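Participant: Since the structure of chain L is provided, determine the placement of chain U on it from the hints.
Line by line, the protein sequences are chains L and U. Counting from 8, one number per residue, gives the positions in the first sequence under the numbering used here. Counting from 4, one number per residue, gives the positions in the second sequence under the numbering used here.
No farther apart than 30 Å at their CA atoms in a straight line, the calculated lysine-lysine pairs in the DSSO-like style are these:
| no. | chain 1 | residue 1 | chain 2 | residue 2 |
| --- | --- | --- | --- | --- |
| 1 | L | LYS74 | U | LYS346 |
| 2 | U | LYS80 | U | LYS208 |
| 3 | L | LYS20 | U | LYS343 |
Don't read these hints as lab results, they were simulated from the structure. Owing to the predicted nature of the structure, the values given are computational and were not obtained by experimental measurement.
Take a look at the letters that make up each chain.
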Amino acid sequence: MDEVLASVAETIKNFAVMYLVDITEVPDFNTMYELYDPSTIMFFFRNKHIMIDLGTGNNNKINWAMKDKQEFIDIVETVYRGARKGRGLVIAPKDYSTKYRY
Amino acid sequence: MATLADSFLADLEELSDNEADSLNEDNGDAEQMEEDVDGDLADIEALNYDDLDSVSKLQKTQRYNDIMQKVEDALEKGSDISNQSIVLEDDPEYQLIVDCNALSVDIENEIVIIHNFIRDKYRLKFPELESLVHHPIDYARVVKKIGNEMDLTLVDLEGLLPSAIIMVISVTASTTSGKPLPDEVLQKTIDACDRALTLDSAKKKVLDFVESRMGYIAPNVSAIVGTAVAAKLMGTAGGLSALARMPACNVQLLGAKRKTLAGFSTANSQIHVGYLEQTEIFQSTPPTLRKRACRLLAAKSTLAARIDSIKGDSTGKVGRSLRDEILKKIEKWQEPPPAKQPKPLPVPDSEPKKKRGGRRLRKTKERYALTDMRKLANRMAFGVPEESSLGDGLGEGYGMLGQAGSGKLRVSAGPSKLSAKVAKKFKEKQYGSSGATSGLTSSLAFTPVQGIELSNPQALANQLGSGTQSTYFSETGTFSKIKRT
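Chain L on its own, in the form it takes in the complex (with noise of 0.2 Å):
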């Protein structure tokens, strides 16, 4: 996932920042945002947190590391998109229900 992130981050910049958080130096939200596992991405636009569809059953991150680029491309950019609109649930274009099933 970190691969990915790093590959991505110039190229959506214009839309998108980055951070990165160590939940063991900065636990003060461990339990409020659940934080958890070994990976998280949340999305917040204008200090409001963004909600995605993703097909999982928790639509406030996700916890698990995606390979490709384009797809988290796709997923910040309909982040991005809803967001500016006002809402605060944005569907994924991708369903990520089967993720554990081939």
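Facilitator: Below, chain U alone, put in the same frame as chain L:
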């Protein structure tokens, strides 16, 4: 009648008298012209020339001999560099160089005239040779070698021409329509060849002399293209001021006269390059950039020639700087293009969509527009159940369509533009299937006479319908005569 014939004859005699008179007048004019131009130009009106001397007079002139003598002396003396203090125009050597330039042009013209002479004489013997060997000096050499020989296998042309052309010549000679020349004609031809060759060697001497003095006459041009090419350019142009007056496109073409023979490939013949092809800069550029380099060289050498003609820079500094400029430009052309930068994505929704308008867009939108029928079908009357396609509320609802009291007297389907396009495509396919209108029908027809036939003979009759009914007002009727063009 006799008097009429006599009068005609008399007219004819008058005419011939007139010709003789005009010929004499022309003679006088031509001679005057010759005297004006130092007798170098050939006597053009002497078409009936058997004598070489009447054609080419250059070698007999005093001017020619003087200059050749001086050139030979100067070549033996070697170059002397000490004359820079004297003003250039007064320097006798400078004058000699100016004369040399004019002379080399004259020699070239003379060679062309002699070439014509040789060609006309040798045409009886070997007419195809002139189209095989274009260069006048090569032609003269070949003629001298072949002489009166009919069998070309006995003649050795090695070293005079490329072997491909020798082969073509031998093949053509075996099927030539020429006959051996009489002795005097042969002798005259050989003399003319000798004269052409001596003129050619004289021109070479002149050019060598000019080349040796080139760095002193035109230092800037020699700095760019080299002394040999500069001498050739100046010689062909007819002097430094003539070279300076030429536009650069002409300078590029000086010395370009390579004509490939018919049948030989033109892949290696470079178009529009002249003496500049022999310069070091041109030879060291990659072939793809040679055209551009030639243009650049011609332009800068023209500038240098202009500076030299007014003696603006006698040290050649400008020439060297121009040469550096040329080399730098050629270097720059060979640089690879800059590397591609990865571009970040634009902000989503920030760029408004480019909406187009106009008649074309309107027409395409019309095809998908909402028709009146659809509008009515979309609406419903209050309290009145609508009819549906499958009945009882199943299927597609018809809305206000077809309802009594709906306010619309008649709603016609109208020409649907979308379906019109589809129908057109369908019709084209339909014509190919010999009149079968539905996909389930076969185009085979079972007829009593032939059995199974591919095209239904009843199809045309069916299209017209029964003869009693009028087809003029029929909604399903088509054209009565369908002719496929």
